[in-house]
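6 protein chains.
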Amino acid sequence: MRIDGREANQLRPVSLDLHFIKHPEGSVLISCGETKVICNASIEDRVPPFLRGEGKGWITAEYSMLPRATNERTIRESSKGKVSGRTMEIQRLIGRALRSVVDLELLGERTIWIDCDVIQADGGTRTASITGAYVAMVIAISKLVESKGIKMPVTDYLAAISVGIGKNSELLLDLNYQEDSDAQVDMNVVMTGTGKFVELQGTGEEATFSRQELNSLLDLAEKGIHDLINIQKKALGELISETK
Amino acid sequence: MRIDGREANQLRPVSLDLHFIKHPEGSVLISCGETKVICNASIEDRVPPFLRGEGKGWITAEYSMLPRATNERTIRESSKGKVSGRTMEIQRLIGRALRSVVDLELLGERTIWIDCDVIQADGGTRTASITGAYVAMVIAISKLVESKGIKMPVTDYLAAISVGIGKNSELLLDLNYQEDSDAQVDMNVVMTGTGKFVELQGTGEEATFSRQELNSLLDLAEKGIHDLINIQKKALGELISETK
Amino acid sequence: MRIDGREANQLRPVSLDLHFIKHPEGSVLISCGETKVICNASIEDRVPPFLRGEGKGWITAEYSMLPRATNERTIRESSKGKVSGRTMEIQRLIGRALRSVVDLELLGERTIWIDCDVIQADGGTRTASITGAYVAMVIAISKLVESKGIKMPVTDYLAAISVGIGKNSELLLDLNYQEDSDAQVDMNVVMTGTGKFVELQGTGEEATFSRQELNSLLDLAEKGIHDLINIQKKALGELISETK
Amino acid sequence: MRIDGREANQLRPVSLDLHFIKHPEGSVLISCGETKVICNASIEDRVPPFLRGEGKGWITAEYSMLPRATNERTIRESSKGKVSGRTMEIQRLIGRALRSVVDLELLGERTIWIDCDVIQADGGTRTASITGAYVAMVIAISKLVESKGIKMPVTDYLAAISVGIGKNSELLLDLNYQEDSDAQVDMNVVMTGTGKFVELQGTGEEATFSRQELNSLLDLAEKGIHDLINIQKKALGELISETK
Amino acid sequence: MRIDGREANQLRPVSLDLHFIKHPEGSVLISCGETKVICNASIEDRVPPFLRGEGKGWITAEYSMLPRATNERTIRESSKGKVSGRTMEIQRLIGRALRSVVDLELLGERTIWIDCDVIQADGGTRTASITGAYVAMVIAISKLVESKGIKMPVTDYLAAISVGIGKNSELLLDLNYQEDSDAQVDMNVVMTGTGKFVELQGTGEEATFSRQELNSLLDLAEKGIHDLINIQKKALGELISETK
Amino acid sequence: MRIDGREANQLRPVSLDLHFIKHPEGSVLISCGETKVICNASIEDRVPPFLRGEGKGWITAEYSMLPRATNERTIRESSKGKVSGRTMEIQRLIGRALRSVVDLELLGERTIWIDCDVIQADGGTRTASITGAYVAMVIAISKLVESKGIKMPVTDYLAAISVGIGKNSELLLDLNYQEDSDAQVDMNVVMTGTGKFVELQGTGEEATFSRQELNSLLDLAEKGIHDLINIQKKALGELISETK
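Protein chains in written order, with the working numbering: chain C, 982 to 1225; chain G, 982 to 1225; chain F, 982 to 1225; chain B, 982 to 1225; chain S, 982 to 1225; chain L, 982 to 1225.
Okay, chain C solo, but in the shape it has when bound (with noise of 0.2 angstroms):
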């Protein structure tokens, strides 16, 4: 039993806002437990430099957490003035994985700006921006198949959960913040509707984990992931069946 209840295989409830700001082309507010996400997707009519006259799309994410997202006030990296090495590695995996269900090629000569902005943390918050990016992205990209007549470039589900190894040596699904500090392994794993791997991050400061204790965590892993697929097939609708 988990601190908070749940079973060692369940994820804490999921809730997507669609529509979350009004201004952005696909917006959604993601809660998995008590960590909160706004993601936002922004569509822009140009590439990067390294990309100009490819005719391919490109997609990019920032990520970024409110000071009081978490229990003791951080500083903003605005007023640092630079972006710490977590950011910076979080907001290029969110790029990475979204990239790898785009086919940039139909999404024609345009960026894909995701934003993802925590507003309160309890573990999971790149995991969470991932899933909810990911909708985000869904429903900009949408609008552009209808008003721009491109066919739909968004070619699987995409979605991302976190697995680890307690303290007590336990296998968890999607720890909160509590549980992700005093786990010994921590695993994110990013995986498509279609069940293929996206991205596979393990790392065990704390200590190290054998091969059959990997292979616990990616089964683990699977279910999480199919279970948030599931969230974000009901929330799309008729949006990405139609368009697929």
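Calculated directly from the structure, the hints in this document are not laboratory data.
Hints may contain errors.
A pair counts as met if it fits within one copy or between any two copies, since identical chains are not told apart.
What the hints assert, rightly or not - For lysine-lysine, the following DSSO-like pairs were computed, each having C-alpha atoms within a straight-line distance of at most 30 angstroms:
id	residue 1	residue 2
1	Lys1003	Lys1063
2	Lys1003	Lys1132
3	Lys1148	Lys1003
4	Lys1063	Lys1204
5	Lys1215	Lys1003
6	Lys1132	Lys1148
7	Lys1214	Lys1148
8	Lys1148	Lys1124
9	Lys1204	Lys1129
10	Lys1061	Lys1037
11	Lys1215	Lys1061
12	Lys1037	Lys1148
13	Lys1177	Lys1124
14	Lys1215	Lys1124
15	Lys1037	Lys1124
16	Lys1204	Lys1177
17	Lys1003	Lys1177
18	Lys1132	Lys1061
Here the structure of chain C is known, so what remains is to put chains G, F, B, S and L in place on it, guided by the hints.
Then chains G, F, B, S and L, alone, in the frame of chain C:
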């Protein structure tokens, strides 16, 4: 008749969603029409270097907009590596305004950090920030009063509003983004519950304004502030009345 | 009787030393009592990106203080690697004020750079900067009028002054550093030669102020602006009269 | 047959040039094929602020490439004034990996600084950095063990290698730059001498990968790590055997 | 005959305007022809970290140019957010030069901050800065001698001058901007009142120079330094003679 | 007799390891005693903005030290986010020195980037950088001469050396770190193969120096430069003789 159907002297609908984020000592989501700002107040048990050993507290504010709070995506200040002049002006204004209604000696050697994060913008973000931040600050300070047994240091209510002269020379209260873009003269007024001025910032970039126009604008602002403080009173209820 | 022997409504001695630096198109050393600011105006034959192709000009200002303009040496902003919020606020104010009396379409696609460098500070540096910068700008623009045959784009005189409420609640015009440090309320007023307001910034960090006090402060400011504009008229002489 | 004539499961020639630079406590030049990295370990007698007084040590890493380590000259990060996201990711990875095989309490209140400077790059610079840095760190720590009489805090061997899926879907060990550029899937694996995982980072930007492919990649990585650790054992010889 | 009518070995008119700014402990406006530099000396009662507890003082310098000190407006270093290599070179040179004629142990644990702000430039700004800063420093130190009763720590006079080889291979003393732009070889020489070298920096970007040419340039520099030190002696008068 | 057993006028052992790094157009590892610098020359087919369309080339240099090139670890300039004044001075010096022996018009609209990375420091890193960078540059330019058929633009040999006055007033050639730390006077001299001066930088922070001492130092420097250029000639061999 204004573009959103309001009277010249009518505020947009205002709502105060208390305890919006769970971690901060005080947290409010303020909505003024389509402008939405998360206002968080954090208490830190020390003061900046220039105040150490003076037996007085400090209140400081930071302000930021999500990139897609606006119609066009704006670049994140953390990515640019510096805070804009506009942001600095606003956060200095919020801090000064709040300090005017708090007895810093009663507060003791503590800093109150105010974070105003605009998640959706439609004009008047700085005045909404002050009006919302006041409420978040009172909630945070009330907890201090209760837990530390200090005497209530908040000395008055405080709210802020914009007034302006529109493109057809009409006087306007609480300008939305469209009205603000078209305005000839724009003025931000911060006042207390007892009807005193705290800050007055009027600017006529497109046009100058006469002493008589100034007087009419101030009449309008007084009316708006009065309405806002009534909303604050209702939201804070017992909290402020019992602590004052 | 004030600490330097002035009447409440009396300006400090003002001098305008024209053509102080040889390179700029317009250059003035303004002294207001012990406050001394070098105001240089430079003309550049292009506009910032947001104005390109609009057929309009732009006026922008930078403000700085020498490290020992003040009683205690302050750290150079170039050494700190960033410009303070106070500096940004002031340079934005100077730019807005000057743009209010110039017809930017008559100016054509040119930028006027105003540099206000305070070499000695004794209160009122931002208002002295505006009053002096106006004169430097007129000199620079007059050369343009002569050499390029454009129509004189300067539409009015412009000056700025501070007023305030002192520690004994006395109303004061043109506060020096000591008076400014002691003041309960501080207000900066920018007005045109025809008596219209351009900017009004009043702040009561130590105290709030009533509508009646505001009115008395504005009366005082109008008197001071009138005196300053007379000094500008004398200094500019034929220059402005023939070109207007 | 691979472009450089290797078998699919064959490492590039590896050499470890010990004591390469004279000043550091530990120094190694590691060559993995044409990739060459100077790995220096420095010992500092204090820890970062977050660990002070905890009685534990710390290990941190910095990574950099000379501008012409690469085929095209890259801009120096000191000239740009900021460290890229890629660099931050790599230096965080190196630090975490090394900390996993050191008992930080035995190390005592000391920091080991690892500097990995790539002087020539041909793929696999982050894994070569970890493998070489481990050796430099052991040399530095051995000196501490000898001079300070602490118990040997290094608990296991440690090496890292890349595996991937090539453009023709072939599985590859230790990809060079050309193979890495062409790869569909790229994975970096850090393991200990006892065959446990420390870090696992797999990414399929061009393609996703199945659970079965993951298993084949991990088999390949285990083989490569085993070979690397044998090379480390030979290089460290008595040093590590007598101190463990 | 030179472009401004001087002899080859003739200085431009030099003036030293003592006590130019009221706040600093020492302040001089030096004019060398059209080059004008405000030199301020400030005394701080502590030393930088690397000297704490050594019982010695320190002298450090900062140098800056107003944007319109030059013919074309240059961007402010505070706006660019960093100090240029040229500025750093010059401020390091000024600091070293002044330290060479001060007994830092007699100075005691104090820092003298030298600020050289060029308000108008016409060549030779770094040498004018040194010559003027020496005078400002002596004034500031004299006050220390008087108020703190320390023994006079200034050990000698100090001045600096430029020499060069012009476009027609003529030898020139004290080059103005035009001459400096045309010069084949440019050399800055800092010397003491007793004729010893403190700094010698010669550079021949457009041309190299022979040992014989070097000797002729040094003869010229010695003559110029001698003239400058006579001017310093006259300006400082009793001050330096009674304190030495 | 010097601390490392050399004569006063004797260089440390010098070696030039050509083609040290495989990617750059020119690459040399220069060792001067225990000082080791990797000098890479890169050719870029465009020039900086200020030279565009002038039909001339440019040579620019960057200099850096690995953190443990020194006895105590120094902080990486990329981590500090800015390049130090010392680094800037050195890289400006290297660039100027190399430009003095290249006909930039013959070079054509190309930039040669010189990167000098000190991997081990024991005094004289800036002079070793110039001497080594010259060789790397000649190798790179020779390839241009061959592949593009331009006329050889290198006009002379070039080397640099330090001379100084030691703590016992002895004259010293090629100071190592210990000698440099103890020296009263330190001078860096850059000369051509035909015995002309390119740069001369002498500084006496601890002591001043007379005209006669200067002459003795220059004699010593000429001897050292002569020896260095003989070593360059041997290393470059046919390369430079056939191309000149």
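Query raised in the report: When no copy is named, should Lys1177 and Lys1124 be tagged within, between, both, or neither for a Cα gap of at most 30 angstroms?
Result: within (27 angstroms within a copy, 48 angstroms between copies)
Query - Within, between, both or neither: Lys1148, Lys1124 at alpha-carbon 30 angstroms - result: Neither: 46 angstroms inside a copy, 34 angstroms across copies.
Query raised in the report: Which holds for Lys1037 with Lys1124 at a C-alpha limit of 30 angstroms: within a copy, between copies, both or neither?
Result: Close inside one copy (18 angstroms), not across copies (37 angstroms); limit 30 angstroms.
**Report entry** Intra- versus inter-copy proximity for Lys1124 and Lys1215 (alpha-carbon distance at most 30 angstroms)
**Finding:** within (19 angstroms within a copy, 42 angstroms between copies)
**Report entry** 30 angstroms Cα threshold - placement of Lys1148 relative to Lys1037
**Finding:** between (46 angstroms within a copy, 20 angstroms between copies)
Requested in this report: Could you place Lys1214 and Lys1148 in one of the four classes (within, between, both, neither) given a Cα distance threshold of 30 angstroms?
Outcome: neither (34 angstroms within a copy, 32 angstroms between copies)
Report task. Please work out whether the CA atoms of Lys1061 and Lys1037 approach to 30 angstroms or closer within one copy, between two copies, in both situations, or in neither? Result -> Result: close only across copies, 26 angstroms inter versus 35 angstroms intra.
Query raised in the report: Which holds for Lys1215 with Lys1003 at a C-alpha limit of 30 angstroms: within a copy, between copies, both or neither?
Result: So Lys1215 and Lys1003 pass the 30 angstroms test inside a copy (22 angstroms) and across (28 angstroms) alike.
Query raised in the report: Are the CA atoms of Lys1003 and Lys1132 at most 30 angstroms apart within a copy, between copies, both, or neither?
Result: within (25 angstroms within a copy, 43 angstroms between copies)
Requested in this report: If the cutoff is 30 angstroms on CA atoms, where do Lys1148 and Lys1003 land: within, between, both or neither? Let me know, please.
Outcome: So Lys1148 and Lys1003 pass the 30 angstroms test across copies only (26 angstroms; inside, 43 angstroms).
Requested in this report: Since the copies are identical, ignore which copy is meant and state whether Lys1215 and Lys1061 lie within 30 angstroms (CA to CA) inside a copy, between copies, both or neither.
Outcome: Neither: 41 angstroms inside a copy, 38 angstroms across copies.
Report task. At 30 angstroms max between alpha carbons, let me know whether Lys1003 reaches Lys1177 within a copy, between copies, both or neither. Result -> Answer is neither; intra-copy 34 angstroms and inter-copy 36 angstroms both fail.
In this structure, the hints that do not hold are numbers 4, 7, 8, 9, 11, 17 and 18, in rising order.
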